[in-house]
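Student: Dock chain B against the given chain A, drawing on the hints supplied.
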Amino acid sequence: MNIRANIKTNGFGKLFSRQESAPIVIFIAMIIIVASIQSNFFTPSSLKNSLNSFAPLILMAMGQAIVLVSGGLDLSSGTSMALMLCVLTRIMKKDDPVTGVWALLVALGVMLGIGLLNGAAVGYLKLPPIIATFATSYIWFGIALFVTPTPGGESVNWMRAFFDFNAVNNMPDWLKAFGAVVPTSVLLILAGCVVWYIVSRTKTGRYMYAVGSNRVTAYQSGIKTAKIQTTAYILNSFFLLLCALFFTAQNQAGSARIGDPLTLQCIAAAVVGGIALNGGRGNVFLAIIGAVIMSLVGKIIFFANMPDAYQTLVSGVIIIIAIASSAVYSTLNERAALRGGK
Amino acid sequence: MEKNIMVLNKTGPISSFYQRYRKMIIAVVLIALIYIVGHIATGSFLSIANVLLTLKFATFIALFGLCQMLVICSGGDIDLSVGYVATLVVILTANVMDGHNETLWIAILIAIGIGCVVGLGNGLLTAYVKLPSLVVTMAMANIVQGVVNVYSAGSGLSGQPSPVLQQLSAKMTGIFPNIVWVLIAAAVVVMLIMYRTKIGVKLMGVGSNPVAAFLSGVNVKRVRTIAFVVSGAIAGLVGLLLIGNSGMAFKDMGSMYVMPSIAAVVIGGLSLNGGEGNYIGVILGAVVLQALTNLFVAFGWGDAGKWLGYGIILLLMLIAYVREKTNR
Numbered sequence: 001m002n003i004r005a006n007i008k009t010n011g012f013g014k015l016f017s018r019q020e021s022a023p024i025v026i027f028i029a030m031i032i033i034v035a036s037i038q039s040n041f042f043t044p045s046s047l048k049n050s051l052n053s054f055a056p057l058i059l060m061a062m063g064q065a066i067v068l069v070s071g072g073l074d075l076s077s078g079t080s081m082a083l084m085l086c087v088l089t090r091i092m093k094k095d096d097p098v099t100g101v102w103a104l105l106v107a108l109g110v111m112l113g114i115g116l117l118n119g120a121a122v123g124y125l126k127l128p129p130i131i132a133t134f135a136t137s138y139i140w141f142g143i144a145l146f147v148t149p150t151p152g153g154e155s156v157n158w159m160r161a162f163f164d165f166n167a168v169n170n171m172p173d174w175l176k177a178f179g180a181v182v183p184t185s186v187l188l189i190l191a192g193c194v195v196w197y198i199v200s201r202t203k204t205g206r207y208m209y210a211v212g213s214n215r216v217t218a219y220q221s222g223i224k225t226a227k228i229q230t231t232a233y234i235l236n237s238f239f240l241l242l243c244a245l246f247f248t249a250q251n252q253a254g255s256a257r258i259g260d261p262l263t264l265q266c267i268a269a270a271v272v273g274g275i276a277l278n279g280g281r282g283n284v285f286l287a288i289i290g291a292v293i294m295s296l297v298g299k300i301i302f303f304a305n306m307p308d309a310y311q312t313l314v315s316g317v318i319i320i321i322a323i324a325s326s327a328v329y330s331t332l333n334e335r336a337a338l339r340g341g342k
Numbered sequence: 343m344e345k346n347i348m349v350l351n352k353t354g355p356i357s358s359f360y361q362r363y364r365k366m367i368i369a370v371v372l373i374a375l376i377y378i379v380g381h382i383a384t385g386s387f388l389s390i391a392n393v394l395l396t397l398k399f400a401t402f403i404a405l406f407g408l409c410q411m412l413v414i415c416s417g418g419d420i421d422l423s424v425g426y427v428a429t430l431v432v433i434l435t436a437n438v439m440d441g442h443n444e445t446l447w448i449a450i451l452i453a454i455g456i457g458c459v460v461g462l463g464n465g466l467l468t469a470y471v472k473l474p475s476l477v478v479t480m481a482m483a484n485i486v487q488g489v490v491n492v493y494s495a496g497s498g499l500s501g502q503p504s505p506v507l508q509q510l511s512a513k514m515t516g517i518f519p520n521i522v523w524v525l526i527a528a529a530v531v532v533m534l535i536m537y538r539t540k541i542g543v544k545l546m547g548v549g550s551n552p553v554a555a556f557l558s559g560v561n562v563k564r565v566r567t568i569a570f571v572v573s574g575a576i577a578g579l580v581g582l583l584l585i586g587n588s589g590m591a592f593k594d595m596g597s598m599y600v601m602p603s604i605a606a607v608v609i610g611g612l613s614l615n616g617g618e619g620n621y622i623g624v625i626l627g628a629v630v631l632q633a634l635t636n637l638f639v640a641f642g643w644g645d646a647g648k649w650l651g652y653g654i655i656l657l658l659m660l661i662a663y664v665r666e667k668t669n670r
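Sequence order for the protein chains is A and B. Every letter in the first sequence is one number past the one before it in our numbering, and letter 305, counting from 1, is 305. Going from the second sequence to our numbering is simple: count from 1 and add 342.
If you're looking for bench data, these hints aren't it; they were derived computationally from the structure. Hints are supplied without guarantee of correctness; some may be wrong.
To give an idea of the interface, some chain B residues facing chain A are shown, with a C-beta separation under 10 Å as derived from the structure [what the hints assert, rightly or not]:
| # | residue |
| --- | --- |
| 1 | Leu-467 |
| 2 | Gly-488 |
| 3 | Ile-654 |
Far from chain A, by Cβ distances over 12 Å, these chain B residues were calculated [what the hints assert, rightly or not]:
| # | residue |
| --- | --- |
| 4 | Val-379 |
| 5 | Ala-529 |
| 6 | Met-533 |
| 7 | Pro-602 |
Just so you know, these numbers come straight off a predicted model, no measurement behind them. Each residue gets a CB set at the ideal place from its N, CA and C atoms; glycine is no exception.
In isolation and in its complexed conformation, chain A is listed as follows (with noise of 0.2 Å):
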């Protein structure tokens, strides 16, 4: 990669040879597009209404990018954050406080759980990442199954904070007002991106980058590459427990079935973020570009008046789409630094 980086001495083409300037250019186009159907995108209820509904996918955006980053991938994710969501509302009940706290406290030991069982499988135990997630996505699928056969569950009134400060009933005004400019949805994003910043900055982080670009390379000069993928899948199901807590104080409701379609979103959205599948390349931040983009697209698709029966179908033409021309791009970006190279 640094090669590219030398070879282009004009500024302009340094620009665009760098994996971000993609997506970020893709960014700007979609959000000139919808603005423009949408006259009132920007409005501030508008663009609150928009952060939530974006907000569970950019949250499992960043978690499958730091998978991705360290050389695995989880298939997992989708039904990993269901489970997370029925146990915490079978847990909780409406009138009782004091369950949200007991719900929380189970939540984080199935997060930790869930991240262990997924890093072993692929770090200690050396499954390929996509077949070993494959299987414990059905694992996870039905341990929720059987703590949430049929859609339901409740939640605690302050366990609403994560989606709204407003909703909570004794909530202190000024918080209240400050919900009411910055939503939820934005804190939680804000916190994952601080909790990547500072890993990214420990030998942890470095590491993981290391294990993703060549995991031989990495085990030979002495790093642990079993311990930086089992780190990796813990940080992942944080941000999923974080989306989940996000859909527990949204929906007030658990079904088992909430994270299907999420999982390939999500892989895709870091796909055409610029985070490459076979790892040691990318950040959470793009991953949150790449989010916003499949978001877009599924706006423009409501806004353009498709019946509702359209969505899956076109969501996977995207998808496939983006995910070739991430492809296409980097090999022709790659021939072309190999060609300035002579």
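Tutor: Same frame as chain A, now just chain B:
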């Protein structure tokens, strides 16, 4: 040194038989175990009728497993679109047949046509554009399910399978389900093709060592694409059997077979890196899964237990068979 000598000593006929068929023997032992546990726990699990019923439903898993086996064999790819192709075929052909035998051939053409188109898309994107098969076929599954949604929203679900199909896949001769003959025929044909013809050798060669296959003049990309196309076509035909069995069309008929079809290949002991084509193993894997489902139904655990059990057995089999031996 001592270890080596011991291995050399162990080449008696029984142990060499065991070495060769180890994974299939494990699958058979698993089936026996499930039946014994079920019989002890419920008291009425082990009967010939029950075994034949298990075989009948295992047939669908095994036939989807065949699609999966071809794709996995040719290079370790996975086809997640098989079940959805079957659903689309079910939805489209139900109206065409509508209880008559005369239009069955049109239904068969539709089944093969749809399967080939979807398979071609999967194959081209995977082999030529070099995208990860899992993401491609998952997205393709989305597209196919989207077509199903659009079609059923537009014209509703109606129609019936032709009587011949019903006779073939739902009825029994005595206590023997007719559809098991389909499985036996498929097993014989597939085993002959895989181990006695050039096609099989090419397919396994491409899977086990693509570079060697390429150097000996095999068009690797084309073989892989063809594997996807054939997988799609078979999935389409299995769709016809599915509607023959149920008698009517549902919107999510085939999608629940996707996961078991992959699990069957893993339990059958085939390498997920490609290059192996032992279809008997896949059939045994399918029987293990179906017997397990029956066991959970007997215990009253229903859907949740089924998926949990599938997940756990798939993970355990992966740990036993697929662990990579490299240091990293």
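Student: All hints are to be evaluated individually against the structure, with a verdict given for each.
Tutor: Here's how the hints hold up against the structure:
1. Leu-467: Result: holds, 7 Å to nearest chain A Cβ.
2. Gly-488: With a minimum Cβ separation of about 3 Å from chain A (threshold 10 Å), the hint on Gly-488/B holds.
3. Ile-654: 6 Å, holds
4. Val-379: 19 Å, holds
5. Ala-529: 25 Å, holds
6. Met-533: 25 Å, holds
7. Pro-602: Non-interface label on Pro-602/B violated, nearest chain A Cβ at 10 Å vs cutoff 12 Å.
Checked against the numbered hints above, the structure breaks only hint 7 and satisfies the rest.
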